[in-house]
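> So you can see what is in the structure, the chains are spelled out below.
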Amino acid sequence: MTAPAIAPTTLRRGAGYWLTGYRAMLRFDLASSRSWLLTFLIVQVLMGAGMALIYGFYLGDMPPEAATFLATGAPTLALIPLGMALLPSLIATHKIEGTYDFMWSLPVRRTATAVSSFTIFTVLALPGVAVSLAVAGWRYDLDLRVSLWVIPAVLMASLMSASVGFGIGHAVPDPGITNVITNLLLFVVLMFSPISFPIENFPGWLAAVHHVLPFWHMANVVRDAVTDGLVDSVGRSYLVLGAWTVGTWLLAAWAIRRRG
Amino acid sequence: MTALAPPAALRSGLGYWWHSYRMMLRWEITSLRLVLPVTVMVQVLTGAGFVLALGLFFGRVPPRAALFVSTGVVVLTLTTIGLVLGPQLIAQQKAEQTYDFLWSLPVPRTTAAFAWLTTNLVLGLPGMLVALGVAQLRYDLDLHVSPAIVPAVLLTLLTGTMIGYALAHALGNPMLIAAITQLFIFVILGFSPINFPADQLPDWLAALHRWLPLAPMADTVRAGLTVGVVEDVTRSYLVLGAWAAASVGATAAILRRRG
Chain A
1 MTAPAIAPTT LRRGAGYWLT GYRAMLRFDL ASSRSWLLTF LIVQVLMGAG MALIYGFYLG
61 DMPPEAATFL ATGAPTLALI PLGMALLPSL IATHKIEGTY DFMWSLPVRR TATAVSSFTI
121 FTVLALPGVA VSLAVAGWRY DLDLRVSLWV IPAVLMASLM SASVGFGIGH AVPDPGITNV
181 ITNLLLFVVL MFSPISFPIE NFPGWLAAVH HVLPFWHMAN VVRDAVTDGL VDSVGRSYLV
241 LGAWTVGTWL LAAWAIRRRG
Chain B
1 MTALAPPAAL RSGLGYWWHS YRMMLRWEIT SLRLVLPVTV MVQVLTGAGF VLALGLFFGR
61 VPPRAALFVS TGVVVLTLTT IGLVLGPQLI AQQKAEQTYD FLWSLPVPRT TAAFAWLTTN
121 LVLGLPGMLV ALGVAQLRYD LDLHVSPAIV PAVLLTLLTG TMIGYALAHA LGNPMLIAAI
181 TQLFIFVILG FSPINFPADQ LPDWLAALHR WLPLAPMADT VRAGLTVGVV EDVTRSYLVL
241 GAWAAASVGA TAAILRRRG
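Chains A and B supply the protein sequences, listed in that same order. Read left to right, the first sequence gives residues 1 to 260 (the working numbering). Read left to right, the second sequence gives residues 1 to 259 (the working numbering).
Hints are all accurate, no fakes.
Only some residues are given here: those of chain B computed to face chain A with a beta carbon under 10 angstroms:
1) F58
2) L189
3) G190
4) P193
5) P197
Hint data in this document are derived by calculation from the structure and do not stem from the laboratory. All of these numbers come straight from a predicted model, not from anything done at the bench. Even for Gly, the Cβ is constructed at its ideal location relative to N, Cα and C.
Using the sequences and the hints, build the whole thing.
Structure below.
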C-alpha cells in the first residue's frame, strides 16, 4: 500500500479563483433563497402595490398627478423590504444560529461572498418591483412612460438598498438590535418618507433630512424613469445613492475585517 | 406523629373568583414586565405617528381627514393589542410549552380572560390618550367627548380582545397565528374604514365592512368623541354586540373543551 498522495495544491488567488468562489457563493445563496423567495415576493407586492392602494384610501379623491405620484412610489416601496429588512435579518439569524462564523470559514474570498449577496438581493427584488408598478398603474389607470432609464434606476436603487442592509447586518453586533433597526426603518419609510408623496408636503427640517437619507432619492430616480415631467433632475439623486452604496460597503468591510 | 391534612378551602364563590382574578392580573403584568413598556411605547409612537404622518400625506390636511385619523387611532390602539399582540403572546406560550402549565393553575378560567382584558385596557389607554392629545395640538380638532365613549371603548376592547383570544386558543400552530395577526395589522391599518371614511373604499369592501366588527368599532368610538360625524350608531352597537357575544361564547366553548 502506498501512502496517500497529497492533493496538488491549487493557487488560491487571482481572478480565476475569485470567479470560482463568486459562482459557488451565488449557487449557495440562490439555493438558500428557496426557503424565503415566494413568501418574500408576496411581502414585496403587499408592501409595494398594497401601500399604493392603502395610501389611496387615506387620500380619498385625488387629482391625476397625485395618483401618478402615489403609484410611482410603489416600486420603491417594493425594493426596500428585501435589501433593508430581509437581508439584515438573515444575517442576524446566522449570528443567532451560530452559522455566521461558518459562512466566513468557507474557502472563498470575502469580497466574492459580499458581491454574491449584492447580486442575489439586487436581482431577486426585481419581479416584485415590476408587479407592484403594474398593479398600482392599473388601479389608478395611469399612462406610464417607461424609459430605458428604468434599468439603471431600479438597479441602482436595489443595489443601494441591499448594500445598506448588508452594512447594517454585519456592522451591528447584536441581532436583537438589528431587528429593532429594521422595524424602525420600515416605520420611517412607510409613514415619514417622501416616497409616495411630494417632498414639498414635508416641513423644512424633515425635507432637509431626506435630502441626505436615501429614500427620497430612490423614489426620485425610479419615478423619473417611469414618468414624464414629474421629476426635475436626478443627477444629484444618483450621486447620493452612489455615496450610500459605497459608504455602506466601507462600513461592511470594516465590520468584516474587524472579525479578523 | 400523624400528619394532618390542611383544611380544605372552598374553591368557589365570588371571593375566590376575585382573589384568583387579582392573582392572575398580577401574574399577567409580572410576566409581561419586559414587553409592557415596549408595547406602550410602540402604541404611543404609532398612534402619534399616524396623526402626524397624515400631514405629510396631504399638502393641506382636510379637517374631515384629520378628524377621522385622530379618532381612528383610538380604535387602532384598542384593537391591535387584542387582535395582534394577544394571539402572538399565546402563540409564544404554545411554542415554549408553557401553555398547558398556565391552564393548570388553580384558578377559574374566566379570571385569566378577565385579567387579560384588564391588561389590555391598561396597555391601550396611554397610546389612546397621547394620540388624541397630539391630534388636538396638531390639527386643532373639533372634539366633543360624551359619556358614550365609555361603553364604546369597553365594547371595542372586549370584542377585539375576545376575537384574538378565541382565535389564538383555537389554532394550534404558532406560525399560523403569526401569519394571521400580520394579516390583521394590514387589514386594520389599510383596508378598514377606521382611519378614513368608508366611502373612500371600493363599494364591495365598504359593504363587507358593514358586517365585520372593525367599522362598527370605529363608528361607536367616533360617535363618543365627535358630534355630527357618525349618523346612526344603533346598528353599529348591534353588530358589535353580536360579535362580542359570539367571541365570548367561542372563547368560553374553547376554554371549557380544553378542561
